[in-house]
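Residue numbers (the numbering used here), protein chains in the order written: chain Y, 802 to 1182; chain X, 3 to 123.
Quick list of in silico lysine-lysine cross-link-like pairs, DSS-like style, CA-CA up to 30 Å:
# : chain 1 : residue 1 : chain 2 : residue 2
1 : X       : Lys-95    : X       : Lys-106
2 : X       : Lys-43    : Y       : Lys-1169
3 : Y       : Lys-844   : X       : Lys-95
4 : X       : Lys-49    : X       : Lys-106
5 : Y       : Lys-1127  : X       : Lys-43
Read the hints as simulated data drawn from the structure, not as lab findings.
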Amino acid sequence: MLAHETSPLKQTPLHVLHLARGAKMVPFAGYDMPVQYTAGVLKEHLHTRNAAGLFDVSHMGQLVLRAESRKVADAALALEKLVPQDIVGIAPGRQRYAQFTNDDGGLLDDLMVANFGDHLFLVVNAACKEEDEAHLRAHLSDTCEIVSLADRALIALQGPKAESALAKLCADVSSMKFMDAGPRRVADIDCFVSRSGYTGEDGFEISVPADKAEALVTALLENPDVLPIGLGARDSLRLEAGLCLYGHDIDTTTTPVEGALEWSVQKVRRSGGARAGGFPGADEILAQFAQGASRRRVGLRPEGRAPVREGASLFADASSTEQIGKVTSGGFGPSLNAPVAMGYLPTALSAVGTTVFAEVRGQRLPLKVAATPFVPNTYKR
Amino acid sequence: MTTLYTSDHEWLRIEGDVATIGITDYAQSQLGDVVFVELPKVGRSLKKAEAAAVVESVKAASDVYAPITGEVVEVNEALAAEPALVNSDAGGKAWFFKLKIADKGELGGLMDEAAYAAHTA
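Pulled out of the complex, with its shape left as it was, chain Y reads as follows (with noise of 0.2 Å):
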């Protein structure tokens, strides 16, 4: 491809960080990203399910929902036209996952909703935030105002030793408890924090200002126990989590019903709740939470040693010819040992211990369907 027919690669404020610490970059949603650092993605992997890993972030999209009247009851309530989540029963000070739907049902984005008192806090995925931004604009502004925080870095501070590596510079984040999210000081820097993240870790994301992102980071890095964490590490450990990476194992394409995500629609939003419906797609939706859907997203453990990626095709024994399902997320898990995936089945055949059979260069190999998380999450409620 000739290099005037693609765009520059965008950075991130951490991206001068990244070269000095030896990173190889790739380009990623538009971003010149850290796939891994001089250590390697398994390395960085266990690093941060036994210490602390730190990841930049700053590709995601950072918005600022607010309601004309200054309620954030209000602004609640217009982002509830557009997620099947309960945004107004979100406390002052707490965060919860939600997806955008389309009128279909599927999944536009996958994004973090904190309720920062007087207005919402919204994270969205990188590839996504122009469409997200949008989306908010030509839903919602007849009544709120919606901010791009594009002058702010995003990082992630994950693994059993991020409480102790951030308290050295923000003594009360030891008391926020998992999904608590608000302004805090950390290293005499207005943040913000919410205790969440992305690998079944106990830690912390961190919104910084861009200008001082990096004497954040360098501040963390000055401890031991923290190590800069690439992309890659990022997708293992969250595949080991069971968590959902967006275009891959939700799209557009799948349902929070077929996406095995119920656990994220409240009550309330569901049929006879007290704000039933109300959402984009809620018909198909809901009829899915009454009725079921047709298949389903679950874990899938190889049998052996061989990974099963993305876009492996399914089948029901070693012999069939009838595809019944796809990878739509797989690699190898470092803490397991072993290899993981995720993918869609026939809800028939999605029960946890059934066996299936991908087709891997012309092989039938077969795993078992499996609980997620495979690896337990350490959160800390």
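Starting from the structure of chain Y, add chain X where the hints point.
Just chain X, lined up with the frame of chain Y:
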């Protein structure tokens, strides 16, 4: 004993009419931590450039191609049991398979150590 290299980052150690084949240290450094190796069956006839083995890191799967035509006479079972050998000793203990060379003329198209060093520089 001669060691030759391919532009796909494989090495061949030629002893008589048998070539021992592995991937180079440069290749393993690009792949990262190897977690799985699939080897060809002994007795399989491989054509030059045919996919012969698979090496997988946490991130991705890569093919190892037959650098020359020949019959597989031995495979390194130790590698299947301990894929990390590829990272720790790519040029030695982590050989993949041995081929009975069908046509020594094919060796002429391969690189010597100096040419390979220039290729990866």
